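Assemble the whole structure, with the sequences as input and the hints as a guide.
Number of protein chains: 2
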Amino acid sequence: MPIYNAPLKDMDFILNDVFKADEFWQANENLSHVDMATANAILEEMAKFSKNVILDLNRSADEAGGAEFNQGEVKTPAGFKEAFKQFAEGGWVGLGASEEFGGQGMPKMLTVLADEMIWSTNPSFMLYPLLTVGAGMAINDRASQEQKETYLPKFYTGEWSGTMCLTEPHSGTDLGLIKTKAEPNAEGSFNISGTKIFITSGEHDLSENIIHLVLAKTPNAPAGSRGISLFIVPKFNVNADGSIGERNAVAAGSIEHKMGIKGSATCVMNFDGAKGFIVGKENEGLAAMFVMMNYERLSMGIQGIGAAEFAYQNAAQYATDRLQGRSATGVQSPEKPADSILVHGDVRRMLLNIRANNEASRAFAVYVGQQLDITKFSTDEEAVRKANDRVALLTPIAKAYLTDKALDSALEAQMCFGGHGYIREWGMEQCIRDLRISQIYEGTNGVQAIDLIGRKTTKCSGAFIAEYIADIREFAASMADSKVKAAAVQVCSDVEDLTQFIVEQSKTAPDFSNAVAVDYLHAVGLLSFVYMFARISQAAAAKPEAFYQNKLVLADYYVAKVLPDLAARAQRIKAGSELIMQLPEEYFTAQS
Amino acid sequence: MPIYNAPLKDMDFILNDVFKADEFWQANENLSHVDMATANAILEEMAKFSKNVILDLNRSADEAGGAEFNQGEVKTPAGFKEAFKQFAEGGWVGLGASEEFGGQGMPKMLTVLADEMIWSTNPSFMLYPLLTVGAGMAINDRASQEQKETYLPKFYTGEWSGTMCLTEPHSGTDLGLIKTKAEPNAEGSFNISGTKIFITSGEHDLSENIIHLVLAKTPNAPAGSRGISLFIVPKFNVNADGSIGERNAVAAGSIEHKMGIKGSATCVMNFDGAKGFIVGKENEGLAAMFVMMNYERLSMGIQGIGAAEFAYQNAAQYATDRLQGRSATGVQSPEKPADSILVHGDVRRMLLNIRANNEASRAFAVYVGQQLDITKFSTDEEAVRKANDRVALLTPIAKAYLTDKALDSALEAQMCFGGHGYIREWGMEQCIRDLRISQIYEGTNGVQAIDLIGRKTTKCSGAFIAEYIADIREFAASMADSKVKAAAVQVCSDVEDLTQFIVEQSKTAPDFSNAVAVDYLHAVGLLSFVYMFARISQAAAAKPEAFYQNKLVLADYYVAKVLPDLAARAQRIKAGSELIMQLPEEYFTAQS
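First to last, the sequence lines map onto chains A and B. Residues 1 to 592 (the UniProt record's numbering) make up the first sequence, in order. Residues 1 to 592 (the UniProt record's numbering) make up the second sequence, in order.
By construction, these hints were calculated from the structure, which means they are not laboratory data. Source: prediction; values computed, not measured. Cβ coordinates follow ideal geometry from the N, Cα and C atoms, glycine included. Accuracy of the hints is not assured; some may be wrong.
[Claimed, not checked] Here are the simulated distance ranges between beta carbons:
hint: 1; chain 1: B; residue 1: Gln317; chain 2: A; residue 2: Gln145; range: 47 to 57 Å
hint: 2; chain 1: A; residue 1: Glu586; chain 2: B; residue 2: Gly72; range: 49 to 59 Å
hint: 3; chain 1: A; residue 1: Arg424; chain 2: B; residue 2: Glu89; range: 32 to 42 Å
hint: 4; chain 1: A; residue 1: Gln591; chain 2: B; residue 2: Ala480; range: 25 to 35 Å
hint: 5; chain 1: A; residue 1: Glu586; chain 2: B; residue 2: Asn52; range: 17 to 27 Å
hint: 6; chain 1: B; residue 1: Lys85; chain 2: A; residue 2: Glu159; range: 52 to 62 Å
hint: 7; chain 1: B; residue 1: Asp408; chain 2: A; residue 2: Asn185; range: 47 to 57 Å
hint: 8; chain 1: A; residue 1: Ser493; chain 2: B; residue 2: Asp408; range: 28 to 38 Å
Structure below.
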């Protein structure tokens, strides 16, 4: 059976040594209720829950085929109900939610680490509370006080749950195409009609009620994305006293059969004149969705870290246990029939790639979490402005770069197992199947790259990235000389140069940026990870224990062995878009 | 449902225009029975069989859970039996086998193309005849005339089938560790006892008898890989008249539950004093296996091409049909609610990556097939020597580089589908699951890389690659100036330089080459694909039709957008092995 132990020491190192969380929390009156002792207690509790309660349910759910659908009802996999009850009773649903409505008010830089453990051990399970948290965030930000009071406390006890209903069969990335209609009723409510697909947790048996947040178009709404409104559509109508009333006209039509995350019910939802209540103002639905988008997209990145950490731990253990061949430098374990495969450089290369990306990813998630906390809790306007820009810039990296590297990592981990990696019982192939969705949903990684290069870069003529690079340079200047420092300085110049090139080219070639977007996203991802290793190195440098000194080796490994990808990315960007755009559309499907 | 149309025009172009197969066949008396008319007729027949017979069975087999195991018996998926009968009656099992024993005697440079179609449409199905072909090759090369006459004709009618039994639970890459015993009997046979795992087609219901080729150790055999012998162990003993006799003491203990290729039965085989017959000489079993290894490993590369071609066709069709967003250069399809996603450079980038790798891979498979044909059919000793060295050098590329690029391709194809790519009914996720094994079995791609950099490069001080580079330079010199020519010349120098560096470093650091092997394999893969595009370009340059001229654009795309990976590979190789090897083994599993 797969193993998992939460990387608590690493998490403490990142929070405490790298980002000095205690100082940060104490300096902010809205966060002064948090300290490292609380943080560590929370992480230790989640370490137990993830390992002891949901890890085994992950494989059993997949083996049993996942969530089951029958006549509009969804049965979650065996054990999920009890585990969710325990999860809800532990207050985990509202860990990062406002205390006013029953949440725990914990900062994002802490919750990302708790979330990572759930993503490591049971991604299908994670998706049930995740959507509730997202729906709660949108309601908290945009809904009326009455709506907040009606729904949020129920979310954070786990009694009710939430969904986000955006996608329709013909409308995914391009939400301007949605057809779901919202007809106003006399008393202020709306009748919602249409079909939504890919609705995570659209129907299930973990909660008494399911509150759908639905994008729809009111009569005479402007065409495209400016004419979209957001509605609350409960599965069961809610009575004036807050109790559950009649069934609303919304139902799951089927669930999808997927590559992975089979324990998570992905539903087709049919709205047949269902009663809905507008959230915020008419035609501002997309903006309301974007409020929680930065959080949700960071969550996908954490799904990546979680899976890659799980993959790493299992692959490292297998490599240690598996005896095959002998070291090229001479027999290492003469008492055994063969040496462990860790004597082979190629196996170490794979494990070090994974570990380097994992440690940088985890630091990066905490960094972005901290930026989100500044936007939410800081009272310093300029700090909030800067953090907002930083979050805007880095959200596509958090979502797409982290999940791209995570899939690479999970594939390399599987390869460490040889043929056994392909066999279900070892859990590696499920890890890959479950992880793969993180690159696809919440906007594909290609769409993230286009967001980064367009709205976040060319639109502001590179201002966001310039400010980021300035911060990295300032940090590097504070470091003693090292390979990581030198690399950070160099990568700042390289990415600056690429950004200028892109901004220039985009002025005359409107389709240029789309064609080089993924390469640019990876360039900024590499810059970000070198920055993280710079921060890790500075925090570790003065400490003599192997735990810290090995981090300096890993940082050097990153610079020597992972960072070279930047050379390829830069060459591709400089090669431009012409060869991509010049062939006619027919070329792609012509019989060859 | 997934679509597939065999790329017959491309196959004809590669055989006829690029490799001038007709001239090659006619110039060789052992191949003068083949011509392009025959070749095209064969490919057209296989195009029909693959599309009409086995394509639909691919998904139905996977959906139904694959091969079923019950009390030692394996039931293949619905439809496989009838399809295999049709396949065998068509003479496909022995397409490339010797006419003396009932084969069709077709050259490898042709059979790789027929094989590609089966890999595209039903990889699980392909594995049943594939192992028979492999076993037939080993018997043909090493067995006695009587053994050949007993088994080979039965293989090529499809009445009997074959397996290769190498791996044991504790012994995979390191076959020197095997424990299966062969005790001699008085009459010359042996009693074989032991357990073999991961035995493809070890048990099934497609043939009357199954002939296992088994590696085992005779009493007092030398330790390690020099003490391994090869045995024929039939499921049913064969009577003197060739008819089927009693059941032998070999049986499947279970089948594996895998990530993919579920229709293929992967068996645990228990040999309990089963009667076996030695093939060739005692202690030369591993050498006998290596006879067919080059063919088998090329087959895995073709599995890659097949999957990536299937993935490409489906993704290109989906991208053409899917309307979402508008072109950045202005609306392209005003009559539709949105433009096709082919207007987005990022989608084109993915499709062009796949297509470029597919076309180069296919040409490369034919090129390696031609080299194998020279080793088998040529009467020119120096040509055979040279082709043997070339095959030795390029087999790891054919196996590992082609399958690595194929997985990248299948993942990009899945991404073109957005969320739909994750849903089973579109077939993309199965394609990835089925393909993934090609990187793992027949020696993992890491093991291939170590074979390339060790036995094929440092061992001969780079002589094989030097001769390959000399040929590429000679070819480039025959070309008119172009970007591809310039790139080929440059890459020859780059790889020459890397090779020298590796040969030098390996003299003092015995574990150096293992640590940089995969990067070197990819460098030689890039060199090979640029060479293929040089040959493709020269064949296409003079022809004005779009089909040919678009190949020149694709070649330029390859140089501009794929080849830059070489810069990253070179940097990694130059960064050496020290950072990989220096951390202690405990580091990898220490709690973090």
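B/Lys85 paired with A/Glu159, Cβ distance criterion 52 to 62 Å: holds, 60 Å
A/Gln591 paired with B/Ala480, Cβ distance criterion 25 to 35 Å: Once the Cβ atoms are compared, 29 Å apart, the range 25 to 35 Å for B/Ala480 and A/Gln591 holds.
Range agreement (Cβ of B/Glu89 with Cβ of A/Arg424, hint 32 to 42 Å): holds, 35 Å
Distance restraint evaluation - A/Glu586, B/Asn52, Cβ atoms, bounds 17 to 27 Å: Holds - the Cβ-Cβ distance for A/Glu586 and B/Asn52, about 26 Å, lies within 17 to 27 Å.
Range hint 49 to 59 Å (beta carbons of A/Glu586 and B/Gly72) holds or violated: holds, 54 Å
B/Asp408 versus A/Asn185 beta-carbon gap, inside 47 to 57 Å or not: At 52 Å between Cβs, range holds.
A/Ser493 versus B/Asp408 beta-carbon gap, inside 28 to 38 Å or not: Since A/Ser493 and B/Asp408 have Cβ atoms about 29 Å apart, the given range 28 to 38 Å holds.
B/Gln317 paired with A/Gln145, Cβ distance criterion 47 to 57 Å: This hint holds: roughly 51 Å between Cβ atoms.
When the structure is compared with the earlier hints, no violation turns up for any of them.
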